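Each of the two chains sits in its own frame; use the hints to bring them together as a complex.
These protein sequence lines are chains A and B, in that order. Each number in the numbering used here comes from the position in the first sequence (counting from 1) with 1 added on. Each number in the numbering used here comes from the position in the second sequence (counting from 1) with 216 added on.
The hints are simulated quantities; they were obtained by calculation from the structure and are not laboratory data. Since we're looking at a predicted model, the values are computed, not measured.
With a Cα cut of at most 20 Å, we get these calculated EDC-like pairs of lysine to aspartate or glutamate:
1. A/170 with A/70
2. A/170 with A/9
3. A/168 with B/432
4. B/439 with A/111
5. B/357 with B/465
6. A/168 with A/199
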Amino acid sequence: MNREPVFEAVGLQKNFGGVAVADNITLALYAGDRVALIGPNGAGKTTFVNLVTGNVAPSAGKVRLAGKDVMAESPAMRVRRGLVRTFQLTRLFQRMTVAEHVALAILQREGRTGRLVGNFRAMPNVLAEMREILATLDLSLVADRLVCELGYGQQRLVEIALALALKPKVLLLDEPTAGVPAGETARLESALDQLPPDLAVLMIEHDIDLVFRFARRVVVLDAGAVIFDGQPGDAAASAQVRRVYLGNFTDARHPA
Amino acid sequence: MTVLENEAETAHKQGAMRLVAAPMLLLTLAIAGYFLFPDNLALLTRIIAISLLVLSIDLVTGICGVATLGQAAMFGAGAYAAGIGAAHFGITDPLAMTVVGAFGGALAGLLSGLVMLRAHGLPQLVLSIAVVHLFHEAANKASRWTGGSDGLTGITPSPLLGLFDFDLWGRTAYIYGVFLLLLTFVALRVIVSSPFGMLCRGIGEDATRIEAMGGDVRGTMLKMFVIAGFVAGTGGALGAISTQVVGLDTLSFALSAEALVMLVLGGAGSLYGALTGTVTFMWLEDVISAANPFHWMTIVGALLIAAVLFAPRGLYGAVEELAARIWGRR
Ligand SMILES: Nc1ncnc2c1ncn2[C@@H]1O[C@H](COP(=O)(O)OP(=O)(O)OP(=O)(O)O)[C@@H](O)[C@H]1O
Ligand SMILES: [Mg+2]
Numbered sequence: 002m003n004r005e006p007v008f009e010a011v012g013l014q015k016n017f018g019g020v021a022v023a024d025n026i027t028l029a030l031y032a033g034d035r036v037a038l039i040g041p042n043g044a045g046k047t048t049f050v051n052l053v054t055g056n057v058a059p060s061a062g063k064v065r066l067a068g069k070d071v072m073a074e075s076p077a078m079r080v081r082r083g084l085v086r087t088f089q090l091t092r093l094f095q096r097m098t099v100a101e102h103v104a105l106a107i108l109q110r111e112g113r114t115g116r117l118v119g120n121f122r123a124m125p126n127v128l129a130e131m132r133e134i135l136a137t138l139d140l141s142l143v144a145d146r147l148v149c150e151l152g153y154g155q156q157r158l159v160e161i162a163l164a165l166a167l168k169p170k171v172l173l174l175d176e177p178t179a180g181v182p183a184g185e186t187a188r189l190e191s192a193l194d195q196l197p198p199d200l201a202v203l204m205i206e207h208d209i210d211l212v213f214r215f216a217r218r219v220v221v222l223d224a225g226a227v228i229f230d231g232q233p234g235d236a237a238a239s240a241q242v243r244r245v246y247l248g249n250f251t252d253a254r255h256p257a
Numbered sequence: 217m218t219v220l221e222n223e224a225e226t227a228h229k230q231g232a233m234r235l236v237a238a239p240m241l242l243l244t245l246a247i248a249g250y251f252l253f254p255d256n257l258a259l260l261t262r263i264i265a266i267s268l269l270v271l272s273i274d275l276v277t278g279i280c281g282v283a284t285l286g287q288a289a290m291f292g293a294g295a296y297a298a299g300i301g302a303a304h305f306g307i308t309d310p311l312a313m314t315v316v317g318a319f320g321g322a323l324a325g326l327l328s329g330l331v332m333l334r335a336h337g338l339p340q341l342v343l344s345i346a347v348v349h350l351f352h353e354a355a356n357k358a359s360r361w362t363g364g365s366d367g368l369t370g371i372t373p374s375p376l377l378g379l380f381d382f383d384l385w386g387r388t389a390y391i392y393g394v395f396l397l398l399l400t401f402v403a404l405r406v407i408v409s410s411p412f413g414m415l416c417r418g419i420g421e422d423a424t425r426i427e428a429m430g431g432d433v434r435g436t437m438l439k440m441f442v443i444a445g446f447v448a449g450t451g452g453a454l455g456a457i458s459t460q461v462v463g464l465d466t467l468s469f470a471l472s473a474e475a476l477v478m479l480v481l482g483g484a485g486s487l488y489g490a491l492t493g494t495v496t497f498m499w500l501e502d503v504i505s506a507a508n509p510f511h512w513m514t515i516v517g518a519l520l521i522a523a524v525l526f527a528p529r530g531l532y533g534a535v536e537e538l539a540a541r542i543w544g545r546r
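Looking at chain B on its own, in the form it has when it is part of the complex (with noise of 0.2 Å):
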């Protein structure tokens, strides 16, 4: 017993050690990226944004299963809430803006789930095109509380921690925004790694086998659409911060559509997959669409082939499997 102790122990800090090392990897790239793109901190704000959203497609459709080309209600949710207390409740803290924007999008995610997990297959792709279509709709009707087409504006954080202002460079959003990925990655990290996640991946696998092991699939899935609908969130929440505007784009198909393929050009099922594909495909966006604003979507649509075809699963994938081959690991 005492070794099994002695091993569990030893299993426990090695664990500890792995969940330490790859957020200093992504905190090394994000102080790398702020002194190389001084002047694209908003870019890179963005991209962080859009990050949490990717990766809460990812919670849903890589490790449960699920395909959605929904989850921008969630994002756009979490942005409008965040949005509205600011400009309407004078919920001007930024930290307080976040909780909001997380709540909002967990909120969006339990709707999403209780409408989503009553069909399956084809059925279920089409009921997440309505969810988003739904909230689109009613947040462009509500356009007192949320300026319809033109916007929501009027949203003006204070200072963070009483401290820093959010500055014209957007130098404090980006490194919040750092804050906030690095937290939400160790937190799915173990969320992951936990029973509740290893029931979640066997449910994306085979859903039936979980249940002849005695698994609630429905509600386990639902469990996980509220924590992808607070990751989502709190993407739309620092969208709404560092903008300081929420249009109806962010709840949008085409943001949803957009966001799932960044997830499968990086790899579904993996975490480091998500931030792969995004960072991937919105930097490409970037310099691509500066050179040549026409051909962004050809070459977008080319990107996606070749990555289908030489890469399926994904470029992180393909990374890894290239690790695997040089260091002759499985």
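Just chain A, same shape as in the assembly (with noise of 0.2 Å):
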């Protein structure tokens, strides 16, 4: 079995008004992970994800994929190596129905958004694969509305269409869940279910019932520095964690 991680970030360091919201923070994913990224509110969790992206320089640190160090990349170029990350709040495009997202980022993927003649619907191996997202996130019913016509549970569903539509090594999900109403949440968690078993996933979530029912491995983060690292088990017994985040345990129903 082949054990080099798919994603490293090694030392990455960022300050924001002399406050370090990233500090030398060192994480590594293999194919197959499954990780949350958890820390209360300001912990540095999204700025994390902007580092790795390249949205935002870090001061220092590196990031590899597959071994490759992308710090000289545009965050297009790490996209299409495979690291693809969704938002914490939902960011579509208002005019596209959700059929147009998912077609844009098949052909996006495929390299084929450059060609000036054709239509997807005349596609019928892109229309194949953008039926097979849509059905496994239950969304086919919607496929030709406007985002902007649906709940928002459905919009974060789309938001995971447009991430699995690029086929990524890495994804890196940003709270999911946030502002999804209760009820809708289950069809949320059976999609993460679904998610292609070599994926490697960091998941940042507050919901921490889902959490532990995800997560093979947690990873706490607090004042931008990572201070545990390993079982999620663990995690809910150490001192430290529960002091800085996991207080919420006692009534994990209700997240932060």
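Shown next, in the form of structure tokens:
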């Protein structure tokens, strides 16, 4: 079995106004990983994602994808290497249908978005793949709706559909259930369960119940520093983790 | 799989149908124009030329989300390229002049893009103004080639296809203009619904999101600038062919701004909006300035304020909304 990490962050450092929001973060992900990144509000979780995608430049540190240093590469180039993220606040195209979102992602992945002629509705292979993704996420019925007509829970699913259509090797999910009404999280969770088995997933999440069902490894961030990296059970037992964050453990149904 | 293929086939045919329907409507209007305003064909031809400029702004502004006040740089570059080719190099075949103009415009589009895509937002808008001023000044200085402020004369297009003279009433020019507009319109419809067009619409809404999907934002926009330049350049060439002079006003900030106003009036982001805005604006300009040349700008101002307040998506957007309300569709 190949145990080379598909993703590595080494010594990432970033200060905002003199305050460290990423403090020497080192983290590796392997194919098939299911890792949860947790920590209090403002701990620097989203900033960590922005640093590794290249949207924010770190003051020190490195990011490697499949062993290759990608610090000199643009965010888009990193995506093409298989590093895909979703956004904490949905970022979708209000004037596009769900189908167009997924088709655009498929075409982009296949390097066909430069083409000036043709329409995805006349491309059987794009349609087939799009249907499959929409079916997995239970979005088939809203394929031709504009995203602004969907409820927030479904919009979150479209975020995931976009990410899946890019066939990532490493998927960074930034609070996939944030803002989703309680009744709709089951749909999202089953989508998370169906993610490709060899995909490395890092999920930021405040819903501790979900974290414990999903993750086989937990990383805890506090004030930009990794204070724990290990088994979920050990995280729950760690006094330091409890002190900074997992006070929430006691009433886990009410995420911070 | 066969079901999918069938479906794809049907979608393809439907798309083809819709692709034909719009140009048919345009053609009908163009023919009506020919018979209703036989003495005004020069104005109609000018409307078509400016339509191409406004369509070009729509590509950059309405679709890619880059506001510009310098698009006349591409229109004027097309006009001068066609004009200089005819006056100095004997390229007087109208089709050849059009091609020269389109490529001149595309080159100007490339240059504009290279400059403008270095910035975002307000600085980008300022760069667009700088670009059109630089083009204007360059044309003014190179008077040996451009005629400077006197304008470029000596453009005598040979008969269209070797058969049809450019007559005094402007019939040939008008018919040629209608043909160019139809061709451009169909081509743009194809481009806008292509994978590239979808990517551009995505960039227009949220460029960072497109990057997070692996899209090359700058490269894509630059390509759109070149296409927009090609379209505007075609318009410029049509102007040169039909009026047989090219003036510095084709390269002006004022024309850029006026064309942007037409786009907003009609509705940015839609090719129909661009056409609606141009026709409405220029027709009103003609009617009102003939009746009262002093208050023309006042009326434009009032019209614009009304459009922005009551039809924020432009005239075409308002009509679309009204139709949707009547037919009860989205
Ligand atoms: N662009 C920025 N400029 C200055 N400060 C910033 C910037 N982005 C984030 N911060 C600050 O950095 C800290 C970490 O923010 P970040 O969004 O990474 O936290 P988070 O762990 O994702 O929190 P949450 O759970 O609320 O999403 C916060 O204090 C935030 O205010
Ligand atoms: Mg966050």
